[in-house]
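**Q** Same order as they appear, the protein sequences are chains P and U. First residue of the first sequence: 1, per the working numbering; consecutive thereafter. First residue of the second sequence: 1, per the working numbering; consecutive thereafter.
I should point out that these hints are in silico values taken from the structure, not numbers from a laboratory. In this text, a Cβ means the ideal position worked out from N, Cα and C, and glycines have one as well. Worth double-checking, as some hints may not be accurate.
In silico negatives: residues of chain U with every beta carbon more than 10 Å from chain P [said to hold, decoys possible]:
| no. | residue |
| --- | --- |
| 1 | V20 |
| 2 | G26 |
| 3 | K28 |
| 4 | L86 |
| 5 | A93 |
| 6 | M94 |
| 7 | L137 |
| 8 | E171 |
| 9 | R216 |
| 10 | F354 |
Example chain U residues on the side facing chain P (calculated, C-beta under 10 Å, incomplete) [unchecked claim]:
| no. | residue |
| --- | --- |
| 11 | D22 |
| 12 | H25 |
| 13 | V97 |
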Amino acid sequence: MKVIMKSVEMICVSNQDGKISPIKYKYVDKSEQIHIVKIDKILERNEEKLAGNRMYVYKVMSVINEAERVYEMKYELATCKWYIYKM
Amino acid sequence: MKKYIFHIDANSAYLSWQAVYDLQHGKKVDLREIPSAIGGDKTKRRGIILAKSIQAKKMGVKTGQPLFKALLACPNLKIVPPDYQLYSRCSDAMVTVIQSFSDKVERFSVDECFMELPCEDPFEVAYRLKEKIRGTLGFTVNVGISTNKLLAKMASELEKPDKVHSIFENEIKEKMWPLKVEELFMVGRATWHKLHRYGITTIGALATYDIDLLDRMMKSHGRLIWRYANGIDISAVKTDSRQIKGIGNSTTTPFDVDDLKYASLFILSLTEMVALRLRANHLMCQVIHVSYQRSSEGGMGKQRKMVNSTDSTTAIYQVAMELFEEIWDKSPIRHFGVRVTSLNMADVYQKSIFDEINLEKKRKLNQNIDLLRLKYGSDSIKRASFISSGVNSISGGVYEDYPMMTSLL
Chain P
1 MKVIMKSVEM ICVSNQDGKI SPIKYKYVDK SEQIHIVKID KILERNEEKL
51 AGNRMYVYKV MSVINEAERV YEMKYELATC KWYIYKM
Chain U
1 MKKYIFHIDA NSAYLSWQAV YDLQHGKKVD LREIPSAIGG DKTKRRGIIL
51 AKSIQAKKMG VKTGQPLFKA LLACPNLKIV PPDYQLYSRC SDAMVTVIQS
101 FSDKVERFSV DECFMELPCE DPFEVAYRLK EKIRGTLGFT VNVGISTNKL
151 LAKMASELEK PDKVHSIFEN EIKEKMWPLK VEELFMVGRA TWHKLHRYGI
201 TTIGALATYD IDLLDRMMKS HGRLIWRYAN GIDISAVKTD SRQIKGIGNS
251 TTTPFDVDDL KYASLFILSL TEMVALRLRA NHLMCQVIHV SYQRSSEGGM
301 GKQRKMVNST DSTTAIYQVA MELFEEIWDK SPIRHFGVRV TSLNMADVYQ
351 KSIFDEINLE KKRKLNQNID LLRLKYGSDS IKRASFISSG VNSISGGVYE
401 DYPMMTSLL
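Start from the sequences and build out the full structure, keeping to the hints where you can.
**A** What follows is the structure in structure tokens.
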């Protein structure tokens, strides 16, 4: 997997306990084409506190270019931003 | 169980915090592995090196050096501007981890903490703490172990980075005495010069020197450093150390200042910031200190204790200007500093017959100006003297809630 760390527009859901789960996001590729990617499954969720900066790290599965891919996304609590982390 | 004191010190704090943050955000380069430094803005010719990587240190970059000198020593130095919000977050996170080990934790500065903990095996605790900080927060620390704060601090400085060291009383001679005397806590440049004149170059030489002679040379400071050289320190770990000891701001001017009019504007704009911070913390000050750096080598500073405490911008400014006029030799200046110390709470005030007239009214005015600035920005209201002067009406950056550096154990 390669580190990408690109911010994306995300629709997510946060349940009564404050647990946040990503649903689907908009991704703009190099040729400015817009892709809507659905998160099919959340395989793992972790929290990291590197440099005191809290982030939720999700290992997720989506269908990208007609292939099932497992990759990682991050949610930064301080800025409320979503990132594609590693793919 | 025996009580031990631990000193935890983040290794090149600002730089490694920035590096970890950058890596977390997907940067490919680890600042800790290339010649790099945290420093100010070089286009405005202001700024000094605040922290450097080990590679940069090897090339001769020093902390506190002006940026251009650092670039001469190391032309491919990568300079990153500081982000104090990040550092304060890192510092808080570090303290939280340390507090999970013991509830007796003193935050000594932005990147240093003391911890007191009764335990069987202090080394096991120290390694566990060090690994926990590295694992969860991503940066390395040095841990010093001893039975008092001074020795713990000296121990954590022994060898860097990412190490655990101890200096117990029976190890002082072997581990601390061979060190150079300037490595001792509280021995700065001025003290170093005095000690060198008397042939004292190592901590061991200081420790075995006649204490009465030191007392005659340097008064109580001589006794203090003699005690430190012998590893004697009885200060306690203060859990409530967020009290502020002094508030100061300084700025490098965009041009060399050689007339009193501009000098007074810079001092006024710094005073505005210092007084604002003073009032925001509900404090008053009694001692005012002014300093300047010449554009050539050297600088001067002077302080004065007033009869009464104050938090008024005008009152501080007046004393600051008196002091400045006393010390300025008309040489061009590139850097100004204003600092207030001897702080006390603002809710009690001793009246004096030498008070300003309408003091209460003026305090209210200051409070309202602060509120306006807080709500609409620092430029929303300014003194007329700043209009089209090219000087910011309020200057000096970093807002800090706790001391960045302290000199009191």
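**Q** Verify that the Cβ of L137 (chain U) lies farther than 10 Å from every Cβ atom of chain P, and report whether the claim holds or is violated.
**A** L137 (chain U) is in fact no farther than 10 Å from some Cβ atom of chain P, at 6 Å.
**Q** Taking the shortest Cβ-to-Cβ distance between M94 (chain U) and chain P, state whether it exceeds 10 Å.
**A** violated, 7 Å
**Q** Classify the hint on D22 (chain U) as holds or violated, based on whether any CB of chain P lies nearer than 10 Å to its CB.
**A** Hint holds; D22 (chain U) Cβ to chain P Cβ min 9 Å, cut 10 Å.
**Q** Minimum C-beta separation from K28 (chain U) to chain P exceeding 10 Å: can you confirm that?
**A** violated, 7 Å
**Q** Is E171 (chain U) truly not at the interface, in the sense that its beta carbon sits beyond 10 Å from all beta carbons of chain P?
**A** holds, 34 Å
**Q** Per the stated criterion, does the least C-beta distance between F354 (chain U) and chain P lie above 10 Å, as a non-interface residue requires?
**A** With a cut-off of 10 Å, F354 (chain U) remains clear of chain P, as the shortest Cβ separation is near 48 Å.
**Q** Is the Cβ of V20 (chain U) farther than 10 Å from every Cβ of chain P?
**A** violated, 4 Å
**Q** Does L86 (chain U) really sit off the interface, with its C-beta more than 10 Å from all C-beta atoms of chain P?
**A** violated, 7 Å
**Q** Is it correct that the beta-carbon of G26 (chain U) has no partner in chain P closer than or equal to 10 Å?
**A** violated, 2 Å
**Q** Are V97 (chain U) and chain P close enough, Cβ to Cβ, to be under 10 Å, as the hint says?
**A** holds, 9 Å
**Q** Taking the minimum C-beta separation from A93 (chain U) to chain P, is that value above 10 Å?
**A** Since the minimum Cβ distance to chain P is about 3 Å, A93 (chain U) lies within 10 Å and the statement is violated.
**Q** Grab the minimum C-beta distance from H25 (chain U) to chain P and call the hint holds if it beats 10 Å, violated otherwise.
**A** Status holds, d = 6 Å.
This entry does not satisfy hints 1, 2, 3, 4, 5, 6 and 7, going by the numbered hints stated previously.
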